[in-house]
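**Student:** First residue of the sequence shown? That's 3 in our numbering, and the numbers climb one at a time after it.
The set of hints was computed from the structure by calculation and includes no laboratory data.
A couple of the hints might just be wrong.
Derived pair list, reagent style PhoX-like, types lysine-lysine, alpha-carbon separation capped at 20 Å [to be verified]: (1) K228 <-> K216; (2) K95 <-> K228; (3) K30 <-> K216; (4) K216 <-> K99.
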Amino acid sequence: MFSNFVTVGEQVFILFVLIGVGFICGKKKFMSNKSAKEMTDIVLFFVTPCVIINAYQIDFDINILTNLCITAVCTIAIYIISIIIATVAFRDKDISKRTVLRFGTVFSNCGFMSLPLQSAIIGPEGVLYGSAFIAVFNVMLWSYGVLCMSEDKRGMSFKQLFLNPGVLGVIIALVFFLTSFKLPVIIGKPVEYLAGLNTPLPMIIIGYYLSQNKLASGLRDFTIWKATIVRLVLIPLASFIIMYSVGIRGPILIACVIATSAPTAAATTMFATRFNRSVSISVDLVSITTALSIVTMSLLVAMAQYLGG
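Please model the complete structure; the sequences and the hints are all you need to start from.
**Tutor:** In structure tokens, the structure reads:
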């Protein structure tokens, strides 16, 4: 329990250091709304696909494929549960606020916050299952996520649902894994370097918007706290109970609990920016859930290890 607490705490501290850099950039006018939006597009259209492709640069193994499929099915079930809970929980008449709250409770920061913890607790196997979770995350992000933020079903098309950077990245990564194809160094290294930007850039963007926002207002907003409880407690517990009840145990269970119990995804702020929704609420939600996750993640992961390890 204590070791989990320390590991998660280290990741949260690193996260806030990067957010602090963005905060300073905003206060010192090194960044503007225009540059923050441009950085957001770089992350969504280039960095995100590279994260998935880089994770699946491994040799094909049938046992790995089987476990990855089980993890993917569990992840899909988790997102279905999350969407139902978020839809029932948030019915605010303000479209901008409602979409951000639903998006922010459905999508967790399963990349930066989860992968290091999965590696520390489970080992390389945990990173692999964590990558499977991230793969489904990206498919959902660019399908349900776009639909949730835009709330425009008529605007959804095959191109938007399947021919977007996140989904295309998953398809390419799976093809490489199934064929054991390894990118040549001259291409693989740039992909690896771009994937490495997945942590600092989103955090700097959030830090910038935090510098432009008064967090005190978020602390007084009941709906922010409601969304925080749903994101950090209700959804992870519901996911754990369902997986445990159908016999999921061991590394797959623990990896999924780690990913599900992570705070609100940084993509919430990036998508809020892209679709002109309430950026201030997204920043409040990301910041508050990240700060509190040091306690909630430790407790939930310890519970998963004790009951299903």
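**Student:** Are the hints correct? Go through all of them and say.
**Tutor:** To see whether the hints hold, each was checked on the structure:
| no. | hint | result |
| --- | --- | --- |
| 1 | K228 <-> K216 | 19 Å, holds |
| 2 | K95 <-> K228 | 16 Å, holds |
| 3 | K30 <-> K216 | 16 Å, holds |
| 4 | K216 <-> K99 | 16 Å, holds |
Violation of the numbered hints given earlier is absent; every hint is satisfied by the structure.
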